[in-house]
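**Student:** Listed below, chain by chain, are the residues.
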Amino acid sequence: MNKQHTIISPFLKHEDGDNISSYIESGGFQGLKSALMLSPSKIIDLITESGLRGRGGAGFPTGVKWKYASQPRSEIKYVICNADEGEPGTFKDKLIMEKAPYLFIEGMVIAAYAIGASKGYIYIRGEYSKSISAIQKAISEMYNHGLLGESIAGNSFVFDLEIMLGAGSYLCGEELTLIESLEGKRGYPRIKPPFPAEKGLFLKPTLVNNVETLANVPFIIQSGPDAYRKFGTEKSAGTKLFCISGDVEKPGCFEASLGISLRELIYDFAGGIKNNGTPGAFLTGGAAGTFIPPSLIDIRMDYDTLQMNNATLGSGAIIVLDNTKSIYNFLGSILRFFKHESCGKCVPCRIGCYNLLKIWEQCKDHPECYPDLEKEAAYIAKTSLCPLGQSPILSIKSALHHFKHSI
Amino acid sequence: MDIYQIISKYEFKRENLLKILHEVQTTSGNNFISDESIKIISRELKLTYSHVYGVVTYYSMFSVVKRGKNIIRVCCSPVCDLKNSIDIIIELENCLKIKCGETTSDHLFTLEKSECLGLCDQSPAMMINDKEYGHLNSDQIKKIISELTI
Chain A
2 MNKQHTIISP
12 FLKHEDGDNI
22 SSYIESGGFQ
32 GLKSALMLSP
42 SKIIDLITES
52 GLRGRGGAGF
62 PTGVKWKYAS
72 QPRSEIKYVI
82 CNADEGEPGT
92 FKDKLIMEKA
102 PYLFIEGMVI
112 AAYAIGASKG
122 YIYIRGEYSK
132 SISAIQKAIS
142 EMYNHGLLGE
152 SIAGNSFVFD
162 LEIMLGAGSY
172 LCGEELTLIE
182 SLEGKRGYPR
192 IKPPFPAEKG
202 LFLKPTLVNN
212 VETLANVPFI
222 IQSGPDAYRK
232 FGTEKSAGTK
242 LFCISGDVEK
252 PGCFEASLGI
262 SLRELIYDFA
272 GGIKNNGTPG
282 AFLTGGAAGT
292 FIPPSLIDIR
302 MDYDTLQMNN
312 ATLGSGAIIV
322 LDNTKSIYNF
332 LGSILRFFKH
342 ESCGKCVPCR
352 IGCYNLLKIW
362 EQCKDHPECY
372 PDLEKEAAYI
382 AKTSLCPLGQ
392 SPILSIKSAL
402 HHFKHSI
Chain B
22 MDIYQIISKY
32 EFKRENLLKI
42 LHEVQTTSGN
52 NFISDESIKI
62 ISRELKLTYS
72 HVYGVVTYYS
82 MFSVVKRGKN
92 IIRVCCSPVC
102 DLKNSIDIII
112 ELENCLKIKC
122 GETTSDHLFT
132 LEKSECLGLC
142 DQSPAMMIND
152 KEYGHLNSDQ
162 IKKIISELTI
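Line order of the protein sequences matches chains A and B. All the letters of the first sequence, read from the start, carry residue numbers 2 to 408 under the working numbering. All the letters of the second sequence, read from the start, carry residue numbers 22 to 171 under the working numbering.
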């Protein structure tokens with residue numbers, strides 16, 4: 002495996018990433034130009050063959066999503082870029098938006114052409130001021146260069162792009178909730194099905210893709226699916242931006258092939274445990290993620306290996322705790338997060354997330370209450386509409402499984 | 022800019038509501054959205070008062086009460102919590118002589134807790150308005166606040 006090779010990172014190193022001329026000079030928009038010479042169905046085939054999976058957290062095959070959205074259900078279709086990054090421990094999309102805004106927007110224009118959409122929105126969280134200004138500049142430059150709007154790059158394809166702002170809601174990162182928010186409503190999840198590809202924004206077919214997912218698209222179109230598949234594993238193709246934070250020497254965002262070991266990420270990329278410490282636990286996937294014990298440090302970081310070990314890759318966040326940190330306290334911090342972010346639509350989640358924190362407090366002196374914590378979380382997961390309610394069980398279950406005696 | 026000018030910049034569609042609310046709040050002078058503003062926005066966009074009020078109160082970045090000129094958002098999500106963001110809150114509370122969630126009497130600062138700000142590689146971190154501050158410690162807090170107080 003070639004862990005040094007990267008697809009997105011070279012673009013993140015540019016000092017003037019918001020300058021369209023330097024993006025063009027470094028080969029930018031070649032993927033788009035190649036795409037416009039292909040048929041939409043050919044593009045979808047290329048994305049499907051590449052094995053690209055959604056980088057927002059769910060890991061759903063991107064090609065399948067595009068194919069579904071491309072079906073001729075309506076004259077009007079939309080593409081939305083989900084830039085509502087809010088998973089604790091995740092800051093990769095922020096980096097792409099600030100340093101390489103043209104890269105993922107190029108991917109977005111290709112996606113729009115492939116599914117037949119003429120209007121797109123980038124839904125970005127309101128707190129990301131730097132990203133917002135970088136994207137605003139990028140959109141206006143692309144209009145000036147004929148890369149958005151009427152007859153893109155001299156082709157008959159028309160695509161308009163607008164930026165939309167969130168206002169501080171974790172839940173709006175969930176695609177159907179994002180769509181509700183984009184329509185100017187409270188961020189409540191919708192019942193699915195129908196999925197966005199059937200009835201999304203304004204009940205029209207809509208494709209929702211994460212920033213990092215779209216940032217991979219220009220490379221796939223330009224270099225081909227085989228070149229993309231040189232990175233990663235059979236079922237988890239390509240590279241991933243891993244966000245490593247917590248007790249490491251060099252916290253940061255690192256691109257590596259999927260399937261790299263957790264050990265390599267921690268020691269070769271993030272400089273090892275802070276102050277030569279000993280690892281205590283890893284939380285992968287952010288708050289909606291799972292604990293991994295140090296005994297599994299050689300685990301391969303790809304969708305399927307993690308799933309086989311009841312763990313999740315999620316957004317690519319890896320939060321590192323050294324062995325002096327209390328897993329009990331950290332779990333409390335995760336549960337406080339969910340209590341704050343539960344939207345209140347589903348009663349079991351609204352009351353349940355509050356209750357989880359109560360039970361967690363009891364567990365401090367009464368470890369015999371831990372099964373109650375797991376039971377409550379399992380109930381919330383079963384009875385909630387959206388992934389938020391389905392998340393607390395992940396950290397609770399994995400913490401109890403791996404750290405039964407030390408929590 | 023008055024509220025009618027802000028609204029008139031956008032098409033009168035519900036999907037522009039969040040953008041309008043952001044702009045109304047930023048230009049309010051007190052970082053909030055008044056009841057009067059909610060009434061005007063709902064009338065102009067042909068939405069009910071309860072819809073607009075419901076949206077304003079759903080999103081944590083919006084406020085229906087007056088806030089300070091500078092909004093301090095201290096990240097308290099799991100990574101920053103691990104790095105003792107609580108100490109940053111306490112230092113700010115001492116510096117500003119207010120509790121978290123309150124506004125200073127001179128209306129210069131409002132201190133708030135925030136969920137993940139995407140600054141996990143620089144934790145503990147915070148934002149003051151649009152500016153990011155990372156790798157925080159007590160001494161820096163004093164310096165940052167005194168610079169903004171002048």
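Hints were generated in silico from the structure; no laboratory data involved. Every value quoted in this text rests on a predicted model; they were computed, and no experiment measured them. In this text, a Cβ means the ideal position worked out from N, Cα and C, and glycines have one as well. Be careful, since some hints might not be right.
The list that follows gives simulated cross-link-like pairs (lysine-lysine, DSBU-like), each with its CA atoms no further than 30 Å apart [said to hold, decoys possible]: (1) B:LYS163 to A:LYS326; (2) B:LYS40 to A:LYS205; (3) B:LYS87 to A:LYS340; (4) A:LYS251 to B:LYS118; (5) A:LYS138 to B:LYS120; (6) A:LYS236 to A:LYS383; (7) A:LYS193 to A:LYS205; (8) A:LYS200 to B:LYS152; (9) B:LYS163 to A:LYS186; (10) A:LYS131 to A:LYS186.
The calculated label-pair distances, taken between Cβ atoms and stated as ranges, are [stated by the list, open to error]: (11) A:ASN311 to B:ASP127: 50 to 60 Å; (12) B:HIS156 to A:ALA59: 24 to 34 Å; (13) A:LYS14 to B:HIS156: 37 to 47 Å; (14) A:ALA379 to B:GLN26: 32 to 42 Å; (15) B:GLY122 to A:ASN311: 31 to 41 Å; (16) A:TYR380 to B:GLU168: 24 to 34 Å.
**Student:** Could you run down the list of hints and mark each one as holding or not?
**Tutor:** Structure-based check of each hint:
1. B:LYS163 to A:LYS326: holds, 28 Å
2. B:LYS40 to A:LYS205: holds, 22 Å
3. B:LYS87 to A:LYS340: holds, 26 Å
4. A:LYS251 to B:LYS118: violated, 35 Å
5. A:LYS138 to B:LYS120: violated, 38 Å
6. A:LYS236 to A:LYS383: Distance ~28 Å between LYS236 of chain A and LYS383 of chain A Cα, so the pair holds.
7. A:LYS193 to A:LYS205: Holds. LYS193 of chain A to LYS205 of chain A sits at ~14 Å (cutoff 30 Å).
8. A:LYS200 to B:LYS152: violated, 38 Å
9. B:LYS163 to A:LYS186: violated, 40 Å
10. A:LYS131 to A:LYS186: holds, 25 Å
11. A:ASN311 to B:ASP127: 50 to 60 Å: Holds, since ASN311 of chain A and ASP127 of chain B (Cβ atoms, about 53 Å apart) stay within the stated range.
12. B:HIS156 to A:ALA59: 24 to 34 Å: The hinted range 24 to 34 Å holds for HIS156 of chain B and ALA59 of chain A, with Cβ atoms some 32 Å apart.
13. A:LYS14 to B:HIS156: 37 to 47 Å: Because 22 Å falls outside the window, the suggested range is violated.
14. A:ALA379 to B:GLN26: 32 to 42 Å: At roughly 53 Å between Cβ atoms, GLN26 of chain B and ALA379 of chain A fall outside 32 to 42 Å, so the hint is violated.
15. B:GLY122 to A:ASN311: 31 to 41 Å: Holds, at about 39 Å.
16. A:TYR380 to B:GLU168: 24 to 34 Å: violated, 50 Å
Violated hints for the displayed structure, listed by number in ascending order: 4, 5, 8, 9, 13, 14 and 16.
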